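**Student:** These are the residues of each chain, in order.
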Amino acid sequence: MSFEVIIGIEIHCELKTKTKMFSGAPVSFGNLPNTCVNEIDLGHPGTLPSLNKRAVELAITASELMNCEVDRLIRFDRKNYYYSDLPKGFQITQQFHPIGRGGYVDIDVDGVSKRIGINRLHMEEDTAKQFHHGDVTWIDFNRAGTPLVEIVSEPDIRSGKEAAAFVEKMKSLLEFGDISDVKMEEGSLRCDVNISLRPYGFEGYGTKVEIKNLNSVNNVQRAVEAEIVRQTEIYLKGESVVQSTRRYDETTRKTVLMRKKEGTVDYKYFPEPNIPPVLISDEFYSRVISQLPKTAQQRKDAYINQLGLSDYDASILTSGKDLSDYFDAIVGFGAPSKGTANWLISEVLSVASLRSDKKFADWIQPQHMADLLIMVSEGKISGKQAKEVFLDMINGESPKDIVAKKGMAQVSDEGQLLSWVTEILNNNAQSIEDYKNGKDRALGFLVGQVMKLSKGKANPAMTSELLVQELSKR
Amino acid sequence: MFANRKIENIEQEVMEAVSLARKQQPLLNAMVSFMEVDEAISEAKNSNGKMAGLPIVLKDNVLTKGVRTTGSVQILDNYIGAYDATITKKLKDAGAVIIGKSALDGLGMGGTGTNCHTGFVHNPYDLNRMAGGSSVGSAVLVASGAVAFAIGSDTGDSVRKPASFVGIVGVKPTYGRISRYGIIPYASSLDHVGYFTRSVEDAALALEVLAGRDDKDMTSSTREVEDYLANLNGDLRGKKIGILKNVIDAIKKDQTLALFNELIEKCVNAGATVHMINMDQTRLQACLPVYYIIANSEATANHSNLDGVRFGMQEWGDSLEELMTNSRTKGFSFLLRKRFVIGSYSLADENQDLLLRKAQKVRRLLVEDYKTALSDIDVLIAPASGDVAPLLTDTSADQLSARYLIAENHMVLGNFSGYPSMTIPMGKIDGLPIGINITAKPFEEQVMFDIALGMENLTGCKNMTAEVNV
Amino acid sequence: MERINKQKVFKLAEQLMLRLSDEEADNIIAEFDTLLKQLDLLNQIDTSNVEEMIYPFEEPTSFFREDIIDQVLSIEDALYNAPVEEEGYFVIPKVVKD
Numbered sequence: 001m002s003f004e005v006i007i008g009i010e011i012h013c014e015l016k017t018k019t020k021m022f023s024g025a026p027v028s029f030g031n032l033p034n035t036c037v038n039e040i041d042l043g044h045p046g047t048l049p050s051l052n053k054r055a056v057e058l059a060i061t062a063s064e065l066m067n068c069e070v071d072r073l074i075r076f077d078r079k080n081y082y083y084s085d086l087p088k089g090f091q092i093t094q095q096f097h098p099i100g101r102g103g104y105v106d107i108d109v110d111g112v113s114k115r116i117g118i119n120r121l122h123m124e125e126d127t128a129k130q131f132h133h134g135d136v137t138w139i140d141f142n143r144a145g146t147p148l149v150e151i152v153s154e155p156d157i158r159s160g161k162e163a164a165a166f167v168e169k170m171k172s173l174l175e176f177g178d179i180s181d182v183k184m185e186e187g188s189l190r191c192d193v194n195i196s197l198r199p200y201g202f203e204g205y206g207t208k209v210e211i212k213n214l215n216s217v218n219n220v221q222r223a224v225e226a227e228i229v230r231q232t233e234i235y236l237k238g239e240s241v242v243q244s245t246r247r248y249d250e251t252t253r254k255t256v257l258m259r260k261k262e263g264t265v266d267y268k269y270f271p272e273p274n275i276p277p278v279l280i281s282d283e284f285y286s287r288v289i290s291q292l293p294k295t296a297q298q299r300k301d302a303y304i305n306q307l308g309l310s311d312y313d314a315s316i317l318t319s320g321k322d323l324s325d326y327f328d329a330i331v332g333f334g335a336p337s338k339g340t341a342n343w344l345i346s347e348v349l350s351v352a353s354l355r356s357d358k359k360f361a362d363w364i365q366p367q368h369m370a371d372l373l374i375m376v377s378e379g380k381i382s383g384k385q386a387k388e389v390f391l392d393m394i395n396g397e398s399p400k401d402i403v404a405k406k407g408m409a410q411v412s413d414e415g416q417l418l419s420w421v422t423e424i425l426n427n428n429a430q431s432i433e434d435y436k437n438g439k440d441r442a443l444g445f446l447v448g449q450v451m452k453l454s455k456g457k458a459n460p461a462m463t464s465e466l467l468v469q470e471l472s473k474r
Numbered sequence: 001m002f003a004n005r006k007i008e009n010i011e012q013e014v015m016e017a018v019s020l021a022r023k024q025q026p027l028l029n030a031m032v033s034f035m036e037v038d039e040a041i042s043e044a045k046n047s048n049g050k051m052a053g054l055p056i057v058l059k060d061n062v063l064t065k066g067v068r069t070t071g072s073v074q075i076l077d078n079y080i081g082a083y084d085a086t087i088t089k090k091l092k093d094a095g096a097v098i099i100g101k102s103a104l105d106g107l108g109m110g111g112t113g114t115n116c117h118t119g120f121v122h123n124p125y126d127l128n129r130m131a132g133g134s135s136v137g138s139a140v141l142v143a144s145g146a147v148a149f150a151i152g153s154d155t156g157d158s159v160r161k162p163a164s165f166v167g168i169v170g171v172k173p174t175y176g177r178i179s180r181y182g183i184i185p186y187a188s189s190l191d192h193v194g195y196f197t198r199s200v201e202d203a204a205l206a207l208e209v210l211a212g213r214d215d216k217d218m219t220s221s222t223r224e225v226e227d228y229l230a231n232l233n234g235d236l237r238g239k240k241i242g243i244l245k246n247v248i249d250a251i252k253k254d255q256t257l258a259l260f261n262e263l264i265e266k267c268v269n270a271g272a273t274v275h276m277i278n279m280d281q282t283r284l285q286a287c288l289p290v291y292y293i294i295a296n297s298e299a300t301a302n303h304s305n306l307d308g309v310r311f312g313m314q315e316w317g318d319s320l321e322e323l324m325t326n327s328r329t330k331g332f333s334f335l336l337r338k339r340f341v342i343g344s345y346s347l348a349d350e351n352q353d354l355l356l357r358k359a360q361k362v363r364r365l366l367v368e369d370y371k372t373a374l375s376d377i378d379v380l381i382a383p384a385s386g387d388v389a390p391l392l393t394d395t396s397a398d399q400l401s402a403r404y405l406i407a408e409n410h411m412v413l414g415n416f417s418g419y420p421s422m423t424i425p426m427g428k429i430d431g432l433p434i435g436i437n438i439t440a441k442p443f444e445e446q447v448m449f450d451i452a453l454g455m456e457n458l459t460g461c462k463n464m465t466a467e468v469n470v
Numbered sequence: 001m002e003r004i005n006k007q008k009v010f011k012l013a014e015q016l017m018l019r020l021s022d023e024e025a026d027n028i029i030a031e032f033d034t035l036l037k038q039l040d041l042l043n044q045i046d047t048s049n050v051e052e053m054i055y056p057f058e059e060p061t062s063f064f065r066e067d068i069i070d071q072v073l074s075i076e077d078a079l080y081n082a083p084v085e086e087e088g089y090f091v092i093p094k095v096v097k098d
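Protein chains in written order, with this note's numbering: chain A, 1 to 474; chain B, 1 to 470; chain C, 1 to 98.
Fair warning: there could be bad hints in the mix.
In the DSS-like style, the derived pairs of lysine-lysine whose C-alpha atoms are separated by at most 25 Å in a straight line are [what the hints assert, rightly or not]: (1) A/Lys380 / A/Lys436; (2) A/Lys16 / A/Lys359; (3) A/Lys400 / A/Lys384; (4) A/Lys294 / A/Lys208; (5) C/Lys37 / A/Lys261; (6) C/Lys11 / B/Lys330; (7) B/Lys330 / C/Lys6; (8) B/Lys252 / C/Lys37; (9) C/Lys94 / A/Lys212; (10) A/Lys237 / A/Lys208; (11) A/Lys79 / A/Lys53; (12) B/Lys65 / B/Lys50; (13) C/Lys94 / A/Lys260; (14) C/Lys11 / A/Lys260; (15) B/Lys266 / B/Lys441; (16) B/Lys45 / B/Lys92; (17) C/Lys8 / B/Lys330; (18) A/Lys79 / C/Lys37; (19) A/Lys260 / C/Lys8; (20) B/Lys330 / C/Lys94; (21) A/Lys261 / C/Lys94; (22) A/Lys260 / A/Lys183; (23) C/Lys94 / A/Lys129; (24) C/Lys8 / A/Lys79; (25) C/Lys8 / A/Lys261; (26) A/Lys18 / A/Lys359.
If you are wondering where the hints come from, they were derived from the structure by calculation, not from laboratory data. If you're wondering where the values come from, they're calculated on a predicted model, not measured in any experiment.
Please put together the full structure from these sequences, using the hints given.
**Tutor:** Spelled out as structure tokens, the structure:
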């Protein structure tokens, strides 16, 4: 007996804002504990929320990119529960009126496209971070109040591969939309998977199991696949699956029980009285829409159709926003697009691991890369020389300086080349003789002599042409 | 009076206020803590503000940076304000000298001044009587003559009721007129910052200092603040005064009605027209349960931040749940724990339709009725209480009688609707003051002040203070 | 509406991180009886087709706070009220995080 797998995915994603969702304290980037907080983030008495404009813009952007209908009247609600990482004793969220509803994204699995529904997208605030330390727990409220969007898919996903493709797609949309850093391992994008099995043809749903805190796309796929095996075995034994929350253990490659779910928790949701409904004006909305960033797919299409890149190259260049931005910047400085694509894919990516977590542009300036590639295309240096120069550029030096320092620049000046050619011909009567007698090797020898005389700077192609021309005169 | 008066000797005036409040403290118990005033005095000396050098008191639910702010609950007994409330800043900017923080019924939840963490607060006119609540300490300190201005807050009638019991002016302007940022809340959709003075002129000036948009409070209004004092005009000719008849009918005390009728007659003689306004009695009787359900629901969530983890009193435990439960159980009086349980019950998923949402729907109907009632008149008035201040020992109110439901709770309509509403004294019964409540249309504080001034001129009840034999 | 029982009162209190004595729970049940009678007053009012009123003034606003850092507490101020503090962190008994 085989089962149909029903999967829905919830994604929590930290928004790229400077300040918190409801306070003007800075969003933390690895700062010292409790240094990115104000009285609002700590839930002090008397504080009130004040809604971040940029967070709303990003939530609208995300909704649009996921084809959701945007609710132009923003409303918030309170979700009430007590926990040490929740300073106010309630989370401000959008339970009743999410900003985005009824959208979809298309994923691609093994060359087949599939549409996955987006049930809702809503804004909320993040909780504090806790660390276990001996017998006690330490709390850092820097993350408390960081703007989040939660995105909930419809239960349209049917396999581990689809689940991974969905998460990959969301990451791409959120990253290219400049909405989030989407760093799963650092928690700026978090993913919970709901999974249940049912016999094919069965209308209802089986018991749902939630797998929480998946920290990579690979683990999404592995966890789902392990859970499918586990649930299948349970059903085949004639037993029933227990409604529960589980996590994925990377070492055993199995899901592990965290806790059973007994009934539903009553969060006593009610409308947040301190935030009156806020209307997104036509002007505000149009401005956000007019500035929608290009998705990876749109950039890829442009690379193929406008720049003439291959599908393969365009796919690689749009696999991450940083790489795509880097490519655009280099081409923007006048470097040839195909040459840039080839160079980035074959040379830069192979040594890019050296840059650790730096952005490409912070590692080697796009202007420097462009200068290098323009020198190659103009024949000022050879491809082989370019590779040597590139490795030195990692230290921040400009390619022009490196080329000058190493005396690498090719000489393509005809007068200079002609004087070298003449000198070599004058001193190699035997080779002229050999050439006239049809010995092809003689030309190669003469080119080599000119290169030697010019200390490698002579443009080989032009040297060869000039030699043929001058030999014919003798 | 501080309107139109420049305080010449700031140090002397402030020290007199401090000294009087200290002397009265053993009898009235109105103050929670006294503040250092030296720095504020020297700053006030260089101030051109509208309250330059004026000694004032804040209700102890108003945040003051670096100064203890308790909300009158055990769990905040050691809490030091991490920031200044917006109004604290505004008052300091206007040159006021805050001399202390005054007592309140815990977290503003109570109307008697008998549920304060610091003990009963006494009425300066009769120490055996209550002074109302929850802004009891502020009301008492203004009535006792210690200060001419004090901040309160008003969620049901917590400024306007005590003002009636101690014979002073109590103002609750339009919802959103004064920022709530930095006020320890009770129920956010009903909470208003209010204040006490001894004259309508002072009340008009004070609103100029306190009002205005604050981006830290998203519910605060962007409307311009008017020159209430300069524009103040007590001429009652042509003013349309509505009387809320349901309240008159519910009052059983002849002396209250006599005082009220006397004032009405004087108003008519002064050129006002009087209109009897009847509201739907059934709905009006629901004011109290509507208030009780909405206020307790919002309050239980609002005070979930008081958990012993980040500030305030902590009782350690073996687990997080124990720590929170120990801290909150010890930190809140039974009355507050009871209110939280009832609020939480109203919020529970299975009850919300029958309780919170039902109450919110009736709130809408009541506000629509109220709007209609005010549509053809300038202000709606009624006695602010059916009787003078009760004895501290009196717990006899029959909570289901029309007398109680309407006569003692009608002012909550001002909180449901957010309309500006104030109490001024209308006279005394057997030496004890009693007030009249005046409500106007939203943001028509000027109209409200004008008619209040007209009435103040007629009653002569201005700058009243109690004699406290210290 | 049903009369509330003691078990339910204790459950509600527990969810609110509050303890009640037996006596206190009885007192709350008595208060509920008054509330139920007052509810009768509410239930006499027809609210079909009436929307809940959440805010005193319901016109939508259009204000958003600009995404500019405007206030941060110093670490001293942030921790000033902390009942227990270690190495810049707030401290609580060990919790097992979900």
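**Student:** Of the hints given before, which are not true for this structure?
**Tutor:** The structure conflicts with hints 1, 4, 5, 18 and 22, although it agrees with all the remaining ones.
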